[in-house]
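Here this note's numbering is used: the first residue of the sequence shown is 1, the next is one more, and so on.
No lab work stands behind these hints, which were simulated from the structure alone.
Please note that a few of the clues may not be correct.
Heads up, simulated DSSO-like pairs for lysine-lysine below, C-alpha to C-alpha not over 30 Å straight-line [said to hold, decoys possible]:
hint	residue 1	residue 2
1	Lys122	Lys139
2	Lys133	Lys122
3	Lys133	Lys50
4	Lys50	Lys139
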Amino acid sequence: SNQGRYLQHVGQEGGFHEYNSPVYTILALDEVDRILQFVRDARSREYARKLHHLFWQDISDHYHSATQQWAGPHLRNYDSYILPWVARRLSQAVGVDVMPHPNASDYLSQLFDAVEHEPCPKPLQRAFDTPGKGRTVQKRFMNWGGHWRVATTWIDGPICLGSLNFALFQDQQRSLQAYWPTPQDPAVSFRSRFLCDGDDFCSAIHHVSQQETRALSLVTLMSGGGRSHPILDRSPDGAFHVRDLRLCYGLPS
Numbered sequence: 001s002n003q004g005r006y007l008q009h010v011g012q013e014g015g016f017h018e019y020n021s022p023v024y025t026i027l028a029l030d031e032v033d034r035i036l037q038f039v040r041d042a043r044s045r046e047y048a049r050k051l052h053h054l055f056w057q058d059i060s061d062h063y064h065s066a067t068q069q070w071a072g073p074h075l076r077n078y079d080s081y082i083l084p085w086v087a088r089r090l091s092q093a094v095g096v097d098v099m100p101h102p103n104a105s106d107y108l109s110q111l112f113d114a115v116e117h118e119p120c121p122k123p124l125q126r127a128f129d130t131p132g133k134g135r136t137v138q139k140r141f142m143n144w145g146g147h148w149r150v151a152t153t154w155i156d157g158p159i160c161l162g163s164l165n166f167a168l169f170q171d172q173q174r175s176l177q178a179y180w181p182t183p184q185d186p187a188v189s190f191r192s193r194f195l196c197d198g199d200d201f202c203s204a205i206h207h208v209s210q211q212e213t214r215a216l217s218l219v220t221l222m223s224g225g226g227r228s229h230p231i232l233d234r235s236p237d238g239a240f241h242v243r244d245l246r247l248c249y250g251l252p253s
């Protein structure tokens with residue numbers, strides 16, 4: 001079955017391609033819920049149940065209860081904070097209120113949802129109301145010609161820090177992402193960016209080596225890529241004419 005082949009693929013690749021994506025993980029989980037709601041074939045349901053557990057394992061591994069945020073790194077994300085509709089989905093599934101950040105956008109808020117959602121597996125629900133204490137989640141996935149991507153997430157009480165060993169500085173990729181609360185902000189969002197004339201520059205590559213709360217960064221440039229997308233806006237002559245290049249570590253403006 002398709003689910004069986006996909007499970008085999010996930011096993012070979014070490015994880016999902018859209019690694020730790022606060023949007024696409026939920027959308028994929030919705031499709032698994034759709035299978036469990038409408039499909040009666042026993043083997044298909046068995047595979048879907050395994051996928052359901054894998055998705056929730058990823059979510060529970062990265063949920064940071066102190067800030068009610070989805071710890072990084074994110075291979076694909078559209079906002080610095082959990083989107084309100086994702087927060088509602090998590091709240092319904094785990095039985096704990098996940099409150100949207102005041103600055104979270106309403107992206108995809110009108111997404112049509114006609115699926116009955118399965119709850120998060122009970123053994124994994126503890127992560128959503130229990131502060132993480134000095135733990136590291138490290139996963140290896142997506143083997144590209146012998147080079148594995150490695151994602152590292154450190155969670156310790158009020159702080160979480162996540163990084164990818166290499167990623168493009170595309171606006172949707174969060175190769176270095178941290179959260180912590182302050183008296184003024186329930187979840188300060190800290191991330192890395194490489195800007196070309198003020199916009200995220202996709203032909204810059206971020207290499208990060210993280211050990212617990214410390215992360216060492218290296219930035220390299222690649223040829224043959226695009227300005228904002230690795231393929232869609234490539235330069236005809238392979239060159240970019242720029243006025244300003246800068247590496248930024250900081251808070252969203």
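Right, here's what the structure says about each hint:
1. Lys122 / Lys139: 23 Å, holds
2. Lys133 / Lys122: 20 Å, holds
3. Lys133 / Lys50: 28 Å, holds
4. Lys50 / Lys139: Within the cut-off at roughly 18 Å; holds.
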